[in-house]
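Now for the letters of each chain:
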Amino acid sequence: MLRTAHKHDHAVSAKRSWNVVVFSVGGKKLAARTEDVGGIAPWVEPLPVPSRTPFVGAMLKRDKDVMPVYDLGERLSRHPEGDTLLCLVARHVDGPMAICIDGVIPSLHNVDVAQILPSKRLDLETLGSFSEEGQDIEIVALQRLGRNRQDHVGS
Amino acid sequence: MSLRGHHIVTTAVVQTARFLVVRFGTILCALPSQGVRGVLTPAEAGTGSQVTSVGITYQDIDLASRLGVTLDLANPDMRVVLYSNGQTNGAVRVEAVIGMIEVDREECRPLPAHFQHEERTWISGTTMFKDQLVLILTPEWVLGELGEVVTAGTGPRSLSAS
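First to last, the sequence lines map onto chains A and B. Residues in the first sequence are numbered consecutively from 1, following our numbering. Residues in the second sequence are numbered consecutively from 1, following our numbering.
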């Protein structure tokens with residue numbers, strides 16, 4: 001039983017922090033859970049696609065994969081910055097999706113769940129936010145990006 | 001023939017699809033080949049709002065603007081593609097005709113599920129041509145039968161480059 005209890009404690013403690021990737025779009029810092037990120041690669045020129053789906057108006061080819069582009073910059077009214085922009089591949093529920101982010105190399109952070117607060121903003125799908133160096137960083141719910149719903153910490 | 005004397009019927013499955021690949025600016029589009037009735041130079045097509053070829057009249061169709069592209073009228077490669085689905089005849093001005101391609105159907109991918117609105121009836125999917133992504137357009141949208149007017153989105157790179 002002790003061993004079982006110990007394992008249980010270990011499992012609980014493992015859930016007490018989230019690994020997140022911190023990136024930026026137009027200078028605004030954002031985060032995403034590492035398991036929601038499929039990779040980071042150099043940005044390539046996308047192919048514009050006539051579309052009425054908000055913020056989904058292009059596709060790009062990456063290796064053998066063809067994926068839609070989600071214009072997070074436009075949604076946040078920001079232009080990605082940097083001479084060489086980067087492509088963040090989101091593991092969206094509908095399949096991989098490319099997002100253009102700033103040229104600053106994203107960093108890995110471990111955030112205590114207790115530090116993650118429900119997000120106040122309703123205009124972006126988030127899992128919550130945390131503060132770092134006095135700056136609020138939203139954790140974008142990449143899996144549900146574009147589905148206009150809010151999720152909360154604790155799931 | 002089978003042992004009982006019946007003919008064995010086999011269903012022929014078409015494994016390939018043929019397209020005419022054309023270019024609008026930097027966008028490559030694939031038009032299903034069965035609708036292609038001819039390709040003319042601008043001089044052959046004339047400057048009117050319709051083109052008559054072999055006794056059939058084709059109405060001018062501004063597909064470029066629906067794709068958000070302004071055609072370079074001075075481009076010597078510009079052509080007019082005569083296109084028809086048997087009911088509607090259209091003359092589509094393109095910046096260049098790349099050529100006819102035949103691809104395996106498995107190389108034609110459906111439009112990703114992230115595209116959720118009318119565009120699903122405009123674009124049937126994508127394929128590749130010389131390592132470039134090509135949009136496969138539906139004949140109904142090409143011919144303006146769906147009635148929509150829309151401009152193609154611009155990617156973040158385009159925005160940042162502007």
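Because the hints were derived from the structure by calculation, they are not lab data. The reader is advised that the hints may include incorrect statements.
With beta-carbon atoms standing in for the labels, derived distance ranges [said to hold, decoys possible]:
#1 Ala74(B) <-> Asn110(A): 54 to 64 Å
#2 Gly99(B) <-> Leu108(A): 19 to 29 Å
#3 Gln135(A) <-> Thr47(B): 39 to 49 Å
#4 Gly95(A) <-> Gly48(B): 18 to 28 Å
#5 Glu102(B) <-> Glu45(A): 50 to 60 Å
#6 Gly99(B) <-> Gly95(A): 46 to 56 Å
#7 Pro110(B) <-> Ile40(A): 35 to 45 Å
#8 His117(B) <-> Ile40(A): 49 to 59 Å
#9 Gly99(B) <-> Asp112(A): 53 to 63 Å
#10 Ile105(A) <-> Ala43(B): 27 to 37 Å
#11 Gly46(B) <-> Ile40(A): 49 to 59 Å
#12 Gly134(A) <-> Leu146(B): 49 to 59 Å
#13 Leu73(B) <-> Leu108(A): 21 to 31 Å
Per the computed footprint, the stretches of chain B lying under chain A, defined by three or more beta-carbons under 8 Å from a beta-carbon of chain A, are [unchecked claim]:
#14 61-68
#15 114-123
Listed next, the in silico DSS-like pairs over lysine-lysine satisfying Cα-Cα at most 27 Å (straight line) [as the list claims (entries may be wrong)]:
#16 Lys61(A) <-> Lys120(A)
#17 Lys120(A) <-> Lys29(A)
#18 Lys120(A) <-> Lys130(B)
#19 Lys130(B) <-> Lys28(A)
Fair warning: this is a prediction, and the values are worked out from it, not measured in the lab. Virtual Cβ for every residue (Gly too), placed ideally from N, Cα, C.
Exercise. CB of Gln135(A) to CB of Thr47(B), is that within 39 to 49 Å?
Worked result: With Cβ atoms ~59 Å apart, the hint is violated.
For this session: Below or equal to 27 Å on CA atoms is what counts here, so check Lys61(A) against Lys120(A).
Result: violated (35 Å)
For this session: Given the range 21 to 31 Å, decide if the beta-carbon distance of Leu73(B) to Leu108(A) lies inside it.
Result: violated (52 Å)
Exercise. Do Ile105(A) and Ala43(B) keep their Cβ atoms within the hinted range of 27 to 37 Å?
Worked result: violated (54 Å)
Exercise. Are the Cα atoms of Lys120(A) and Lys130(B) separated by 27 Å or less?
Worked result: Violated. Lys120(A) to Lys130(B) sits at ~47 Å, over the 27 Å cutoff.
For this session: Using the Cβ atoms, figure out if Pro110(B) sits within 35 to 45 Å of Ile40(A).
Result: Cβ of Pro110(B) to Cβ of Ile40(A): about 27 Å, so the range 35 to 45 Å is violated.
Problem set entry | Cβ separation of Gly134(A) and Leu146(B), checked against the hinted range 49 to 59 Å | holds (52 Å)
For this session: Return holds or violated for the Cβ distance of Gly95(A) and Gly48(B) against the range 18 to 28 Å.
Result: violated (45 Å)
For this session: Could you see if the CB distance from Glu102(B) to Glu45(A) stays within 50 to 60 Å?
Result: violated (27 Å)
Problem set entry | 54 to 64 Å as the expected CB spacing between Asn110(A) and Ala74(B), which holds or is violated | Given range 54 to 64 Å: holds, Cβ gap about 58 Å.
Problem set entry | Holds or violated: Lys130(B) to Lys28(A), with C-alpha atoms at most 27 Å apart | violated (37 Å)
Exercise. At the C-beta level, are Gly99(B) and Leu108(A) separated by a distance inside 19 to 29 Å?
Worked result: Violated, at about 47 Å.
When the structure is compared with the earlier hints, violations turn up for hints 2, 3, 4, 5, 6, 7, 8, 10, 13, 16, 18, 19 and for no others.
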